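Student: So the sequences go chain by chain: A and B. So for the first sequence, UniProt numbering puts the first residue at 1; every next one is plus one. So for the second sequence, UniProt numbering puts the first residue at 1; every next one is plus one.
Hints were generated in silico from the structure; no laboratory data involved. Here the structure is a predicted model, which is why all the values come from computation and not from measurement. Fair warning: there could be bad hints in the mix.
[Claimed, not checked] Straight-line alpha carbon distances no greater than 27 Å define the calculated BS3-like cross-link-like pairs of lysine-lysine that follow:
{"no.": "1", "chain 1": "A", "residue 1": "Lys393", "chain 2": "B", "residue 2": "Lys274"}
{"no.": "2", "chain 1": "A", "residue 1": "Lys17", "chain 2": "B", "residue 2": "Lys252"}
{"no.": "3", "chain 1": "A", "residue 1": "Lys141", "chain 2": "A", "residue 2": "Lys285"}
{"no.": "4", "chain 1": "B", "residue 1": "Lys423", "chain 2": "B", "residue 2": "Lys227"}
{"no.": "5", "chain 1": "B", "residue 1": "Lys248", "chain 2": "A", "residue 2": "Lys332"}
{"no.": "6", "chain 1": "B", "residue 1": "Lys170", "chain 2": "A", "residue 2": "Lys401"}
{"no.": "7", "chain 1": "A", "residue 1": "Lys115", "chain 2": "B", "residue 2": "Lys274"}
{"no.": "8", "chain 1": "A", "residue 1": "Lys115", "chain 2": "A", "residue 2": "Lys332"}
{"no.": "9", "chain 1": "A", "residue 1": "Lys395", "chain 2": "B", "residue 2": "Lys227"}
{"no.": "10", "chain 1": "A", "residue 1": "Lys397", "chain 2": "B", "residue 2": "Lys248"}
{"no.": "11", "chain 1": "B", "residue 1": "Lys398", "chain 2": "B", "residue 2": "Lys317"}
{"no.": "12", "chain 1": "A", "residue 1": "Lys17", "chain 2": "B", "residue 2": "Lys423"}
{"no.": "13", "chain 1": "A", "residue 1": "Lys115", "chain 2": "A", "residue 2": "Lys130"}
{"no.": "14", "chain 1": "B", "residue 1": "Lys247", "chain 2": "A", "residue 2": "Lys393"}
{"no.": "15", "chain 1": "B", "residue 1": "Lys247", "chain 2": "A", "residue 2": "Lys397"}
{"no.": "16", "chain 1": "A", "residue 1": "Lys393", "chain 2": "B", "residue 2": "Lys248"}
{"no.": "17", "chain 1": "B", "residue 1": "Lys398", "chain 2": "A", "residue 2": "Lys401"}
{"no.": "18", "chain 1": "B", "residue 1": "Lys248", "chain 2": "A", "residue 2": "Lys17"}
{"no.": "19", "chain 1": "B", "residue 1": "Lys248", "chain 2": "B", "residue 2": "Lys317"}
{"no.": "20", "chain 1": "A", "residue 1": "Lys393", "chain 2": "B", "residue 2": "Lys275"}
{"no.": "21", "chain 1": "B", "residue 1": "Lys2", "chain 2": "B", "residue 2": "Lys416"}
{"no.": "22", "chain 1": "B", "residue 1": "Lys252", "chain 2": "A", "residue 2": "Lys397"}
{"no.": "23", "chain 1": "A", "residue 1": "Lys125", "chain 2": "A", "residue 2": "Lys357"}
{"no.": "24", "chain 1": "A", "residue 1": "Lys395", "chain 2": "B", "residue 2": "Lys247"}
{"no.": "25", "chain 1": "A", "residue 1": "Lys132", "chain 2": "A", "residue 2": "Lys164"}
[Unchecked claim] One side of the interface only, derived from the structure: several residues of chain A facing chain B at Cβ under 10 Å:
{"no.": "26", "residue": "Asp23"}
{"no.": "27", "residue": "Asp27"}
{"no.": "28", "residue": "Lys141"}
{"no.": "29", "residue": "Thr356"}
{"no.": "30", "residue": "Lys393"}
{"no.": "31", "residue": "Val396"}
A virtual CB, placed ideally from N, CA and C, is assigned to each residue, including glycine.
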Amino acid sequence: MRTICFYFQVHQPYRLKPYRFFDIGEDHYYWDDFLNRSVIRKVAQKCYLPMNALLLELIQKHHGAFKVTFSFSGTFMDQLEAYAPDVLESFQRLVATGQVELLNETYGHSLAALKSKEEFAGMVKQHQDKIKQLFNGYQPKVFRNTELIYSDKIGAMVADLGYKGILTEGAKHVLGWKSPNYVYQNSINPDLKVLLKNFRLSDDIAFRFSNKTWEDYPLTTDKFINWINAIPQSEQVLNLFMDYETFGEHQWAETGIFDFMRALPEAVFKHTNFGFSTPSEVIDKVPAVSPIHVPIPISWADEERDLTAWLGNDLQDEAFDRLYELEAMVKKTKDPDLMRDWNYLQTSDHFYYMCTKFFSDGDIHSYFSPYDTPYDAFINYMNVLSDFVLRVKGKVKGLEKA
Amino acid sequence: MKVLMFGWEFPPHISGGLGTACYGLVKGLAHYNQDIIFVVPKLWGDEEPLADFVNASDVSIDYRERKFKKIWKNLTYLEVSSFLVPYLGPEEYKKFTDYAIHDRTDVDESIFTTKYEFSGKYGKNLMEEVSRYALTAAQIARDRDDFEIIHAHDWLSFPAGIAAKEISGKPLVAHVHATEFDRSGQSVNRPVYDIEKAGMEAADHVLAVSQLTKNIIINKYGIPAEKVSVLHNAVLDASIIKSKYNKKVPEKIVTFLGRITFQKGPEYFVEAAKKVLDRDPNVRFVMAGSGDLLNRMIDRVAELRMASKFHFTGFLKGDDVDHMYAISDVYVMPSVSEPFGISPLEAVRHNTPVIISKQSGVAEVLVNAIKIDFWDIDAMADSIFALLHYDGISRMFKEMGSQELKKLKWEHVAAKLVTVYEKTLSTRP
Chain A
1 MRTICFYFQV
11 HQPYRLKPYR
21 FFDIGEDHYY
31 WDDFLNRSVI
41 RKVAQKCYLP
51 MNALLLELIQ
61 KHHGAFKVTF
71 SFSGTFMDQL
81 EAYAPDVLES
91 FQRLVATGQV
101 ELLNETYGHS
111 LAALKSKEEF
121 AGMVKQHQDK
131 IKQLFNGYQP
141 KVFRNTELIY
151 SDKIGAMVAD
161 LGYKGILTEG
171 AKHVLGWKSP
181 NYVYQNSINP
191 DLKVLLKNFR
201 LSDDIAFRFS
211 NKTWEDYPLT
221 TDKFINWINA
231 IPQSEQVLNL
241 FMDYETFGEH
251 QWAETGIFDF
261 MRALPEAVFK
271 HTNFGFSTPS
281 EVIDKVPAVS
291 PIHVPIPISW
301 ADEERDLTAW
311 LGNDLQDEAF
321 DRLYELEAMV
331 KKTKDPDLMR
341 DWNYLQTSDH
351 FYYMCTKFFS
361 DGDIHSYFSP
371 YDTPYDAFIN
381 YMNVLSDFVL
391 RVKGKVKGLE
401 KA
Chain B
1 MKVLMFGWEF
11 PPHISGGLGT
21 ACYGLVKGLA
31 HYNQDIIFVV
41 PKLWGDEEPL
51 ADFVNASDVS
61 IDYRERKFKK
71 IWKNLTYLEV
81 SSFLVPYLGP
91 EEYKKFTDYA
101 IHDRTDVDES
111 IFTTKYEFSG
121 KYGKNLMEEV
131 SRYALTAAQI
141 ARDRDDFEII
151 HAHDWLSFPA
161 GIAAKEISGK
171 PLVAHVHATE
181 FDRSGQSVNR
191 PVYDIEKAGM
201 EAADHVLAVS
211 QLTKNIIINK
221 YGIPAEKVSV
231 LHNAVLDASI
241 IKSKYNKKVP
251 EKIVTFLGRI
261 TFQKGPEYFV
271 EAAKKVLDRD
281 PNVRFVMAGS
291 GDLLNRMIDR
301 VAELRMASKF
311 HFTGFLKGDD
321 VDHMYAISDV
331 YVMPSVSEPF
341 GISPLEAVRH
351 NTPVIISKQS
361 GVAEVLVNAI
371 KIDFWDIDAM
381 ADSIFALLHY
391 DGISRMFKEM
401 GSQELKKLKW
411 EHVAAKLVTV
421 YEKTLSTRP
């Protein structure tokens, strides 16, 4: 069985409002409701609604042969409930077709896997509950960590939580001569299967589709089919992993991205020996070839495919450490408001905005950042965090007295 | 006495301390019934009517006057493409000049129109405006001969002062509020230095805002000591401000407020903060302001892992400045080179104890403050710690500081200025 596995990441962070030093100790609401709502509404119009409609059309047209997979961050689902119930409904309709698989991830789209096993497990549980609640008791069996961050240890942790598979990047420096188009195993716990993103073909769609300076521009379905057919017959799985916002948001409708996707399934059926599967089907049907060793965490971001988009410079490390030193105290409070803010403050995007890698990937970073500079992002985050610390400490003190 | 005074800005339209000082001085002189013709490149119309204001933008120049040609000839060296903006650090300055070089329009024709609309700002045509201002000054000096002495504030108006002196033959007092060495450290801009030096040399008497500045004038500009008098700044209002604004954090607050540039020594404040926080985590440090070193300070604070206790507010204006003083428990001004430095006096008005560097002019007049060398971060940390923890000393500073303020009045400054005027007039050949 040769198969294509489409997985789309759907995530929106809770962006912080401009929060000044003078607000510390007084204003305890941190989120930019107006901005967050406008982003959701804008992306809903450009991407979520039209692309959901297209996927539904394709699923119905191909009678169970075309399948896709989603992972929704908790912060995304919360914002759908608040700002875009219409979008939530259209996702629910898709899932109800039975041709759509959902994955679990950390609720807050956090980097907790790198810092705290307890917090990580807690966020996964929270995410399971939310998916169950919104999608008619759905229970995912495969896991996707924030930004496809993966290492042997993270894999083992995920296996302990009962998952049979995990998705990550087919990073060049990890694979070496090996191909991403096979199923691998975690090197600590072989029960956990590892699916690797074929970054060349994924990024051809996600990043290069409308790039006029790219030698293969324009990307047509025929061209893409030729590349799929060029994959050696022994290689079984083609993992096309990308942000869902690729469709209509990163690549606008005018680029022809929707037409490309509309034509693709039929062309695959007609001209290749590939079908479409979801991650759990792949894991059930395709045997693993070997363990994959990832001692140092990888991700799907930037040219380096490492963690440097979120961690590593002084701004990011300082913010990250100050945040996680609060973990024990926050949990002690059991206060729902504090828990929610704690959750949203962990979202990886806050650290992404503080990235100073201007020269190689700066343009992608600045596209996604609501701040002018990483320094602005850092100051704003630290002001908010300072207020959060005061609230947490106040609450803990109150509990100790009581 | 009637004084023809050349400034560059006047409240409420100011971008630096120069305008405030001119305002205080004019107000003080009014107290002694001195008549002042105050010339600024651009008047906005909402200035307090303390003087006979002349808007340089309204003055027409008569080019038939031959003497003007001579003045113009002496000024043309200003026309070299120097894009000078005072109060910019080296990095900002570079950014600015890169921009201006590609955006330069030729200046000749605009200079020789009969009227010239000054921006009165510190913009890219600054040198052009300084030259043109001098020409206007010559015209004013010819039109009005009802003054006895000329008083020019800082290098921007020195060419104007020189031109007015040449046309009228009246004595010139050059008032130095800051030198190029204060603004740029060792990377001095030659054209500015030359104007400053020419102004001081042409002047019959030079005023310095502090002994510190007087020393620079003597040592770096070669002006004889007996030609220079010290005229300290003062405060417009010495009353204690009782703010209703309350602090919202439990910790004590230590504040730096000013431009984040080389001259102000922000890096010493950051290093001292680290030393204090290592000893006492229950303190918050605030760096309020903006400038070319801001990002470097943020990096350093993050590197020292103290960002949850060290905050940046960005540029503050209006009430926020008062709020900041009001909630501060200690105010620190670690300037590397500060001709005077009025902000510690503002802090005293808010009953906030201050730590100031010995390299500031204000250290010469403020007795009840802790004075340290800007580079001595151990002493700075010690002093911060002491003011935060030993109530006796901060209480004493609060009481004595407010007493002291009452002595720092512009009236007293003006009285001294009048004697300088009189001496200058009487010693003229």
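Student: It remains to establish, for every hint, whether it holds in the given structure.
Tutor: Cross-check of the supplied hints:
1. Lys393(A) / Lys274(B): Given pair Lys393(A), Lys274(B) holds - Cα atoms ~22 Å apart, limit 27 Å.
2. Lys17(A) / Lys252(B): Distance ~26 Å between Lys17(A) and Lys252(B) Cα, so the pair holds.
3. Lys141(A) / Lys285(A): Distance ~15 Å between Lys141(A) and Lys285(A) Cα, so the pair holds.
4. Lys423(B) / Lys227(B): Holds, at roughly 11 Å.
5. Lys248(B) / Lys332(A): Distance of about 24 Å is within 27 Å: holds.
6. Lys170(B) / Lys401(A): violated, 79 Å
7. Lys115(A) / Lys274(B): holds, 26 Å
8. Lys115(A) / Lys332(A): holds, 18 Å
9. Lys395(A) / Lys227(B): violated, 66 Å
10. Lys397(A) / Lys248(B): holds, 17 Å
11. Lys398(B) / Lys317(B): holds, 25 Å
12. Lys17(A) / Lys423(B): violated, 61 Å
13. Lys115(A) / Lys130(A): holds, 23 Å
14. Lys247(B) / Lys393(A): Holds, at about 18 Å.
15. Lys247(B) / Lys397(A): holds, 20 Å
16. Lys393(A) / Lys248(B): This hinted pair holds, its Cα atoms lying about 15 Å apart.
17. Lys398(B) / Lys401(A): violated, 36 Å
18. Lys248(B) / Lys17(A): Given pair Lys248(B), Lys17(A) holds - Cα atoms ~19 Å apart, limit 27 Å.
19. Lys248(B) / Lys317(B): holds, 20 Å
20. Lys393(A) / Lys275(B): OK: Lys393(A) and Lys275(B) at ~24 Å, within 27 Å.
21. Lys2(B) / Lys416(B): Holds: Lys2(B) and Lys416(B) sit about 16 Å apart, inside 27 Å.
22. Lys252(B) / Lys397(A): holds, 19 Å
23. Lys125(A) / Lys357(A): Outside the cut-off at roughly 34 Å; violated.
24. Lys395(A) / Lys247(B): holds, 20 Å
25. Lys132(A) / Lys164(A): holds, 18 Å
26. Asp23: holds, 8 Å
27. Asp27: holds, 9 Å
28. Lys141: violated, 40 Å
29. Thr356: Constraint on Thr356(A) satisfied, holds at 9 Å.
30. Lys393: holds, 9 Å
31. Val396: violated, 14 Å
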